[in-house]
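When the letters of the sequence shown are read in order and numbered with UniProt numbering, they come out as residues 1 to 293.
If you are wondering where the hints come from, they were derived from the structure by calculation, not from laboratory data. Treat the hints with caution; some may be incorrect.
Label-pair distances were calculated between CB atoms; the ranges are [what the hints assert, rightly or not]:
1. A104 x W49: 30 to 36 Å
2. L5 x H25: 28 to 34 Å
3. L118 x R48: 17 to 23 Å
4. A272 x D167: 35 to 41 Å
Below 20 Å or equal to it, Euclidean Cα-Cα: the simulated EDC-like pairs (lysine to aspartate or glutamate) are [to be verified]:
5. K163 x D103
6. K163 x E20
7. K194 x E53
8. K225 x D167
9. K225 x E53
Here a beta-carbon is modelled for each residue, glycine too, at the ideal position from N, C-alpha and C.
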Amino acid sequence: MGYLLIVTLIQAFSFSLIGEYLAGHVDSYFAVLVRVVLAGLVFIPLTRWRSVEPAFMRGMLLIGALQFGVTYVCLYLSFRVLTVPEVLLFTILTPLHVTLIEDALNRRFNPWALIAALVAVAGAAVIRYDRINPDFFMGFLLLQLANFTYAAGQVLYKHLVAKHPSDLPHYRRFGFFYLGALAVALPAFLLFGKSSFLPEAPLQWGVLVFLGLVSTALGLYWWNKGACLVNGGTLAVMNNLHVPVGLLLNLLIWNQHEELGRLFLGGSVILAAVWISRLGIRKPAPVAPPETR
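Construct all of the structure, not just a fragment, from the sequences and the given hints.
Shown next as structure tokens:
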């Protein structure tokens with residue numbers, strides 16, 4: 001869970017950076033493209049091309065296209081009509097997508113995982129549910145598509161790694177992820193991007209470099225690796241922890257006036273959901289010691 005906690009902090013900080021310095025100032029498609037290119041420059045040179053099964057390559061291309069390409073195009077577009085707290089609020093449904101996709105792939109129904117996800121959603125909803133603007137429905141629909149593709153990507157990665165085990169470390173096979181993301185981000189920029197809204201200030205370029213190298217390269221790699229080490233219910237809940245953390249960072253750094261009581265209460269409920277998700281884990285039966293003669 002350590003990987004997921006670290007990435008939660010990175011994600012929470014990234015939401016505010018996007019909302020404060022890029023949204024409305026830098027073309028959304030260009031921002032997504034730069035992040036993909038920078039992350040690809042980190043992982044593609046480390047990728048083993050001949051030692052990876054073709055089926056795994058195809059799976060990673062699909063996952064990259066979904067979890068980053070589609071997800072972040074929709075996310076950046078939503079910042080045009082929503083504030084940072086509103087974006088954080090509307091991402092609270094990600095755990096439900098994770099739970100439902102996980103159970104569908106496993107052809108089972110785990111009530112504890114679903115309960116944990118619902119509790120996490122309730123905890124995040126406690127934090128903020130006010131001041132929605134007239135473009136609520138457009139932003140909401142964009143973020144639900146982003147939630148679905150982000151959830152699908154991480155769940156599919158977990159299953160893909162289990163289906164195609166390898167002695168290679170994760171980072172040796174992760175470059176295909178960014179090629180899949182590039183297959184979405186590049187055409188999107190060429191078709192819909194606006195060259196008149198490219199970064200001008202050094203701070204904007206600095207934010208893009210941070211988002212590309214830290215949030216996109218290390219963040220997505222660590223998140224997917226951590227997703228392979230926890231059960232579906234815990235993964236669903238961890239997708240929501242960025243909400244209270246993001247609001248707290250937004251409050252401390254950018255002086256947004258949030259109610260600390262609601263923040264504390266909602267965060268406590270989400271932490272309780274982590275415990276609930278563990279109730280669904282079936283512990284293996286103890287193996288009896290061999291009899292001695």
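Q) Hint numbers the structure violates, sorted upward? A) 3, 6 and 7
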